[in-house]
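> As a plain string of letters, each chain reads:
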Amino acid sequence: MTFIALGYADLVIASLLLLFSGALSIFLKLGLERQIGLAALRMVIQLMLIGMVLKFLFQMVSPLWTGVAAAIMIGLAGREIMARQKRKFTGWWTYGLGTSSLMIACTIVTVLALTTQIRPDPWFDPRFALPILGMILGNTMNGVSIGLERLLSSAVDGRTVIEARLALGHDRTQAMKPLIRDSIRAGLINIINAMSAAGVISLPGMMTGQILAGVDPTEAVKYQILILFLIAGSTALGTLSAVMFAARRLTDSRHRLRLDRLGPIRP
Amino acid sequence: MLSIRNLSGNRIGPIDLKLAGGDVAAISGPSGAGKSLFLRAIADLDPNDGNVLLDGDDRAGIPAPEWRRRVSYVAAETGWWAERVGDHFQDKRAAIQMLELIGLGESALDWSIPRLSTGEKQRLGLARSMIGKPRVLLLDEPTSALDTDNRNLIEHLLDECRSAGTSIIIVTHDVEQAERLKARTYRLEAGKLQAAP
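So the protein lines, in turn, are chains B and U. Position 234 of the first sequence, counting from 1, maps to 234 under my numbering, and the rest follow consecutively. Position 177 of the second sequence, counting from 1, maps to 177 under my numbering, and the rest follow consecutively.
If you're looking for bench data, these hints aren't it; they were derived computationally from the structure. Possibly wrong hints are sitting among the right ones.
Pairs of lysine-lysine, DSS-like flavour, derived with a Cα cap of 25 Å [stated by the list, open to error]: (1) U:Lys121 <-> B:Lys177; (2) U:Lys133 <-> U:Lys121; (3) U:Lys182 <-> U:Lys18; (4) U:Lys133 <-> U:Lys92; (5) B:Lys86 <-> B:Lys177; (6) B:Lys177 <-> U:Lys18.
This structure is a prediction, so every number in the text was calculated from the model and none was measured.
Construct the entire structure; sequences and hints are all you get.
Set out below in structure tokens:
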């Protein structure tokens with residue numbers, strides 16, 4: 001099998017579908033045509049730019065530039081986590097917690113995969129390092145974001161219960177344990193579902209991409225299994241650390257619930 | 001002996017108060033004056049400054065969970081984390097004895113929490129705190145949702161605790177209740193505590 005290259009005319013034809021959606025929105029007075037158009041434009045510009053950036057990075061094969069790109073990706077993912085929270089810690093805590101959890105989890109898992117399983121030469125080769133990091137990062141970001149959101153909102157809603165336990169002499173770990181457990185579970189549910197559905201209900205994107213690029217399906221499947229293991233490991237590690245750190249920040253050394261460390265609720 | 005010196009925190013203080021074993025202090029005051037915040041500060045549930053000592057032991061030197069087992073705060077509306085009443089008590093035998101004292105039988109252990117009335121929750125919340133035999137009880141309107149019979153039952157139980165040497169600080173708007181509990185009365189306004197006239 002060979003790789004079939006796409007021309008710009010092919011993309012124009014595909015974009016007709018989008019025009020159809022926009023027309024439908026105007027016809028049905030949904031008011032979505034502007035949003036659809038802007039999102040599509042943003043997607044095209046972002047992907048074209050990243051295509052050029054990746055081409056530059058792949059040519060450089062520099063540990064410095066690869067590191068800079070990875071740091072920017074992690075920083076932006078941390079910002080996205082913060083933006084998704086309805087409740088946030090005051091100051092930079094939410095950004096710090098989200099970003100540091102992502103950094104710890106994604107760096108450990110990506111470096112592990114590059115040095116022990118995929119083993120490109122050099123190990124930091126951006127052609128391997130950045131796509132692997134990107135896939136792991138996107139999924140871990142979702143887990144961390146959902147886990148933090150669940151923890152912070154349920155601490156506010158469950159204040160009476162937590163404080164009843166603290167007042168009875170339970171320590172902060174005992175009082176927060178059910179919330180921590182629920183939050184970690186919520187953060188992991190997407191990757192658990194993705195693994196359960198893989199190959200039966202859905203054909204995962206990476207595997208499909210490799211098959212379209214001409215790779216033998218059994219080889220593509222091996223890569224997909226590896227990636228799902230990496231994503232699951234990183235999501236678990238990232239969500240666990242973010243939720244545990246956040247639970248610590250929500251309480252203090254005198255085992256008090258510190259909701260005063262949260263900012264106002266975002267509408 | 002509970003000794004409170006210069007206790008201050010969010011919207012309260014500085015407050016000084018001394019209670020010997022078996023003393024009862026009844027606190028009244030307008031809504032928002034800081035009555036609940038005062039009780040929470042003694043229990044160390046909110047950040048606060050000042051010294052609180054129990055039998056000469058400074059609170060600062062005692063781990064917070066241990067302090068709260070000795071100085072137990074019962075909120076006006078307390079929380080429940082499990083499905084059944086019995087799941088909130090570790091010592092089932094002691095729980096049964098306590099349930100009898102608050103006018104509920106052993107069967108209450110199997111009751112589902114969402115089906116409890118406000119008054120039942122109030123009595124059970126008090127029982128849950130008293131079972132550990134704290135040295136000080138901090139009670140925030142503990143009988144506000146009770147009918148006369150059950151209120152008398154709880155007051156009788158508190159009187160027994162008082163006779164056994166437990167100090168009690170109770171927030172109540174009921175002047176007669178303060179008299180029945182032989183309490184010293186205080187008024188808390190704008191975060192400041194004063195002996196009631």
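> When you check the alpha-carbon spacing of B:Lys177 and U:Lys18, does it fall within 25 Å?
Roughly 36 Å separates the two Cα atoms, so the pair is violated.
> What's the verdict on U:Lys182 and U:Lys18, does the C-alpha distance respect the 25 Å limit or exceed it?
Cα-Cα ~16 Å, so holds.
> Is the hinted pair U:Lys133 and U:Lys121 satisfied, with a Cα-Cα distance of at most 25 Å?
holds (19 Å)
> Given the proposed pairing of B:Lys86 with B:Lys177, does the C-alpha separation stay at or below 25 Å?
holds (22 Å)
> Is U:Lys133 within 25 Å of U:Lys92, Cα to Cα?
Roughly 15 Å separates the two Cα atoms, so the pair holds.
> Given the hinted pair U:Lys121 and B:Lys177, is their alpha-carbon gap at most 25 Å?
holds (23 Å)
Hint 6 from the list above is the single one not met by this structure.
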